[in-house]
Amino acid sequence: MKLVIAIVRPEKANDVLEALYRAEVRGVSMTRVQGHGGELDRVETYRGTTVKMGLAEKVRFEIAVSEAFVEPTIAALSESARTGEVGDGKIFVVPLERAIRIRTGETDHGAVTPVGK
Amino acid sequence: MTQVPALAAGVDTGDTAWMLVATALVLMMTPALGLFYAGLVRGKNTLNTFMMCVAAIAIAAVTWTAVGYSLAFGDANEIIGGFDYAFLNDVTLEPKDKESTIPHLLFFAFQGTFCIITVALISGAVVERIRFGAYMVFAALWSVLVYAVLAHWAFGPGWLFNGGTLDFAGGVAVEMASGFSALAAALVVGARKDYGRQALLPHNAVYVLLGAGLLWFGWFGFNGGSGFGTGENSVLAFVNTMLCPAAALITWFTVDLIRGRTVTAIGAATAIIVGCVLITPAGGFISPGWALALGAGGALPCYTLIAFRPRTRVDETLDVLAAHGLAGLTGILFIGFFAQKSWNGLSDGLLYGNAGQLLDQVLAAVVAPAYAFGMTFILLKLIGLVMPLRASENEEAIGMDVTQHGEEAYATGEGAILITPESGPESERPVAGPA
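Protein chains in written order, with the numbering used here: chain A, 399 to 515; chain B, 41 to 475.
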């Protein structure tokens with residue numbers, strides 16, 4: 399079991415959701431975050447005030463998957479979120495110790511597998 | 041104290057006072073339209089959408105002064121006005137002609153505000169993807185080549201006006217012109233990249249309602265001022281501007297209820313616009329009773345088109361064709377049936393025994409859409425040869441506010457680093473290299 403964390407461009411969020419759906423990855427959380435990953439800073443001007451936007455808007459996906467789904471998930475994320483420009487984001491894969499589905503008490507593999515599979 | 045100069049001969053103080061206010065009311069409609077449109081787009085395109093209305097004021101006010109007004113209201117011939125009034129030549133504080141009771145200069149300004157909002161209206165068809173620069177070039181050319189010509193035909197001493205077509209406040213030059221130009225613009229510029237693939241929802245319904253409310257308020261100047269004074273037609277148009285949108289609202293509520301079992305707020309805002317447009321050509325010509333009927337009945341075709349259009353491949357984004365083109369056309373035709381000489385002092389419609397009026401109205405309803413659509417189509421194709429009309433897909437994805445204007449509508453300032461003059465523009469250098 400792994401927890402796949404992907405930080406992507408907000409304008410790519412819909413494409414990512416679509417790609418995950420096609421890869422049959424169903425359990426997804428999504429958060430709007432702000433961050434910095436080494437991309438060029440955007441400059442904005444408001445009247446006389448010019449600022450460098452140090453933090454960019456991003457969307458973070460958190461997806462807990464069983465081993466068989468790790469590579470398909472990563473593939474779906476990489477392809478759907480890529481534009482080729484700096485600032486496309488990152489994917490982190492971290493080991494997952496335990497997972498519990500609250501409703502049924504199912505654990506681990508059962509908990510990260512969609513209902514009805 | 042300086043002595044107040046005397047009024048020019050023939051100028052009426054009451055008429056002039058009202059027309060000064062009406063001009064300001066109509067000018068306010070363009071920022072109001074900006075608010076209305078801005079609420080209907082996604083949050084990342086708020087400022088760009090609003091700015092296209094602001095740019096319309098800047099550009100059309102200048103082109104109108106330079107040549108637009110002269111081409112529209114000069115009397116060279118019935119097709120085009122000529123250059124007699126170009127750069128305000130002979131546009132003085134005297135009345136324009138024997139019938140007019142307001143200074144010529146004020147008449148020019150009042151008509152200018154109409155040109156401005158008409159240019160702004162078209163932007164609704166192409167929001168969220170047209171490049172700001174290309175839009176401004178289009179606005180300048182359109183205000184002269186399309187608006188001024190149609191205004192000459194319908195308002196000035198042009199062939200529709202002389203032929204007997206009744207258009208009180210701009211069914212031809214404003215509503216049909218913008219609506220059918222919008223369709224052409226949407227076809228030439230093309231659909232947004234996400235159109236038909238993702239739900240593209242209005243981001244702030246309160247802006248939409250507030251914008252519609254301010255537009256309605258401004259429309260009392262638009263219609264109420266189109267009698268150019270405080271005469272009976274002006275009062276009639278003013279009151280009809282209250283009644284027609286109210287009736288359109290009730291129709292919209294009812295159809296909303298039948299279709300979706302709820303009354304929608306954005307639907308209501310749309311109904312206000314549709315109602316105001318419906319009464320625009322007819323305001324000073326039909327009775328208040330028929331104004332209610334026009335609102336109630338005229339809303340139906342517009343509702344139908346707005347419900348149908350998103351199922352097509354035509355991304356005429358904010359439905360200018362339905363809310364202005366079709367509503368304006370409906371209003372123009374309605375005059376042909378229900379105009380009443382006992383109310384307007386000019387002409388009866390078919391219902392009151394004058395079938396000829398209907399023919400005059402049908403002529404305008406054919407000619408104006410054809411000219412506006414054709415000219416806009418050609419104009420945008422030509423501009424497209426010289427410069428790209430659209431932002432790149434990437435820019436469209438990031439949003440037009442950041443890519444076209446370098447600003448955001450909802451900037452939080454979190455993580456923003458102030459650039460002081462001393463530190464210099466080191467902004468293009470990455471702060472940290474990619475890992």
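One thing to keep in mind: the hints can contain errors.
[Claimed, not checked] Calculated lysine to aspartate or glutamate pairs in the DMTMM-like style (CA-CA distance at most 25 Å, straight line): (1) B:233 x A:495; (2) B:381 x B:55; (3) B:233 x A:416; (4) B:233 x B:388; (5) A:450 x B:435; (6) A:410 x A:506; (7) A:410 x A:442; (8) A:450 x B:448; (9) B:233 x A:409.
[Said to hold, decoys possible] Here's a subset of chain A near chain B, in silico, CB distances under 7 Å, partners left out: (10) 442; (11) 452; (12) 502; (13) 505.
Read the hints as simulated data drawn from the structure, not as lab findings.
C-beta atoms are modelled at their ideal positions from N, C-alpha and C, and glycine is treated no differently.
- Does the structure break any of the earlier hints, and which numbers would those be? Numbers 1, 4, 6, 12, 13, in rising order.
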